[in-house]
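Novice: Single-letter residue listing:
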Amino acid sequence: MTRIQMLLKTATVVIVLLLFSFAQASALTVEATPGKIPITLGYHGTKLKVRGTGLTTSDVIIQISSKPEAEHLKYKGKAGGIFWMKLGNIVFENVPKVYLVYSTKDIHKILPPEICRELAIGYDALSEKAKIKTKMKDFDRDKWIVEFIKFMEEDELYDQEDGVVQIDQKNHTFSVDIDWPFEAPPGEYVVEAFAVENGQVVERAQTKIRVEKVGLIKHLTHMAFEKPALYGVIAIIVAIVAGFGVGIVFKGGGAH
Amino acid sequence: MYIYLPIALTSVNLLLVVGLGLLVGLLSGLFGVGGGFLMTPLLMMIGIPPTVAAATDANQIVAASASGTLAHWRLGNVDFKMGLLLLVGGFAGGALGVHVIKVLRATGGADFLIKMTYVIMLGVVGTFMFFESLHAMKKQKAVSLMSEEERLEAERKEKQKATAKAKKKNFISSLPFQIYFEKSGVTHSALLPVGLGIFVGVLAAIMGVGGGFLMVPVMIYLLRMPMHVVVGTSLFQIMFTCVEVTFLQSYQNHTVDIILAILLLLGSTIGAQVGTKLGKKLHGDQLKILLAMIVLGVTIKMILGLVLEPSLLLAHGGGH
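Heads up: the protein sequence lines correspond to chains A and B, in order. Each residue of the first sequence is one higher than the one before, starting from 21 at the first, in the numbering used here. Each residue of the second sequence is one higher than the one before, starting from 453 at the first, in the numbering used here.
If you're looking for bench data, these hints aren't it; they were derived computationally from the structure. Hints are supplied without guarantee of correctness; some may be wrong.
Here are the computed lysine-lysine pairs in the DSSO-like style, where the Cα-Cα straight-line distance is at most 30 Å [to be verified]:
id, chain 1, residue 1, chain 2, residue 2
1, B, Lys567, A, Lys157
2, B, Lys567, A, Lys98
3, B, Lys567, A, Lys96
4, A, Lys155, B, Lys567
5, B, Lys753, A, Lys163
6, B, Lys753, A, Lys94
7, A, Lys163, B, Lys567
8, A, Lys170, B, Lys567
9, B, Lys753, A, Lys157
10, A, Lys153, B, Lys567
11, B, Lys609, A, Lys96
12, B, Lys593, A, Lys170
According to the in silico footprint, chain A covers these stretches of chain B (three or more CB under 8 Å from chain A) [to be verified]:
id, stretch
13, 454-462
14, 711-724
Keep in mind it's a predicted model, so treat the numbers as computed, not measured. Here a beta-carbon is modelled for each residue, glycine too, at the ideal position from N, C-alpha and C.
Please build the complete structure, drawing on both the sequences and the hints.
Specialist: Laid out in structure tokens, this is it:
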């Protein structure tokens, strides 16, 4: 075998290996069902099924988030050293409205902090990226970030749980069922899957879900914002008619 | 069964919300208060954003007070003349109060003032009504145990006291535009209800409520109106105030949730009718002492909320 032939053979093997690894990397898929969540009159959240195929690693992290925005809140403190009340404004910038992270194991045990930071996975990464604006005296950033996450968790808009993603290593699939919170506002959400092995993310895939108002809910929202005067008059007429209507019905009861 | 609220952006239990409406409507019919001071915190407790809770509450009060006004009007318990004068004052006072709050917000510390005004006003009104009603009930019991002669003597003394008191009221009786209010059986200058309306309007705007729980004691103790006329007249006045608030909140802030309002008013309109009928069976002083106890209960809850450390140190803006 000539030197050129040997080089060609080596190059072919490298190309085949590269193609194989590329094919493997793109093999990871993730799917969320339903992809469109309609907000109807009887809406109370939904069961969101996240499924994936092509998993070759022993761990996986699933992250669902909305685009980063600013959350305007009030902070509470002691006024005059006695009374607890809202004392001022605090704005958390560059934070998602919804942030849900589910994994096979504790993400701190399967990924080093610098990777989590780089790929923006988990509460710690979210905390580092957040910017806080406030005129609070003796401001303690760490304390208020913890309070922010607690506040969002209370509204079920934030969650980080491990041990909830199921893996079927034989079929290379993973799945998790999520109680999609009704508190999550309409909008687009990104669902990402990270395949993790030996402290590294070796593959990733993403899909999107959309939450939108439909039917009566959509029409009422449109009227409230686009025709507010008409909406206000209708609200008043409905109230007066209902009030008088019940009054007339009760008179029919002959109690007076 | 759950219902999604398009403006509040949350889902609520249908029965829970209708039940809240029923409870507050019952109080409305019984005492002539709009119930804003109770309903808004209750709505916030079930996850409604504060701004939507306050605005939608005003909308449902329109229904409850319309229902209550109709019921009281049929019973002959609405003093329209007095109600209109109080309303004129209330509108003017409301506008003045909104301006006061704007100035205070610009200088800071408005939240503290609002909370303290709330606690002090509720505490003073509740305590005063409670002891006054207790005193009246004791007196009535004592009168029922007296002989005919003792009763006549007590009545004579009471009349003497009232005449002496009337003489002292020279300033109020010397005011111009004296009007006889047939329904209430009292004579006052038109300036008195207008002035009191302004006072309540200012306080109501500062506290962000309809002001029924302030207007009722003002009518009883300062305008000397009979309790049953007070309730009907107060509801009549509240209905108009809340129509104005509903429109402004819809138009300027987009914070009225019509679905939530309909659920609440389903309960509150029926509650108001039941409350009115129940009120007829209760004595005036019993009604007053019940209202005083509710007002004091809310005051104690507010004080506890101020003193005890909350579980969450962050909150949404708006509300009371």
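Novice: Each hint should be assessed against the structure and marked as holding or not.
Specialist: Verification of the supplied hints:
| no. | hint | result |
| --- | --- | --- |
| 1 | Lys567/B / Lys157/A | holds (22 Å) |
| 2 | Lys567/B / Lys98/A | holds (13 Å) |
| 3 | Lys567/B / Lys96/A | holds (13 Å) |
| 4 | Lys155/A / Lys567/B | holds (21 Å) |
| 5 | Lys753/B / Lys163/A | holds (28 Å) |
| 6 | Lys753/B / Lys94/A | holds (21 Å) |
| 7 | Lys163/A / Lys567/B | holds (26 Å) |
| 8 | Lys170/A / Lys567/B | holds (25 Å) |
| 9 | Lys753/B / Lys157/A | holds (29 Å) |
| 10 | Lys153/A / Lys567/B | holds (25 Å) |
| 11 | Lys609/B / Lys96/A | violated (56 Å) |
| 12 | Lys593/B / Lys170/A | violated (56 Å) |
| 13 | 454-462 | holds (count 7) |
| 14 | 711-724 | holds (count 8) |
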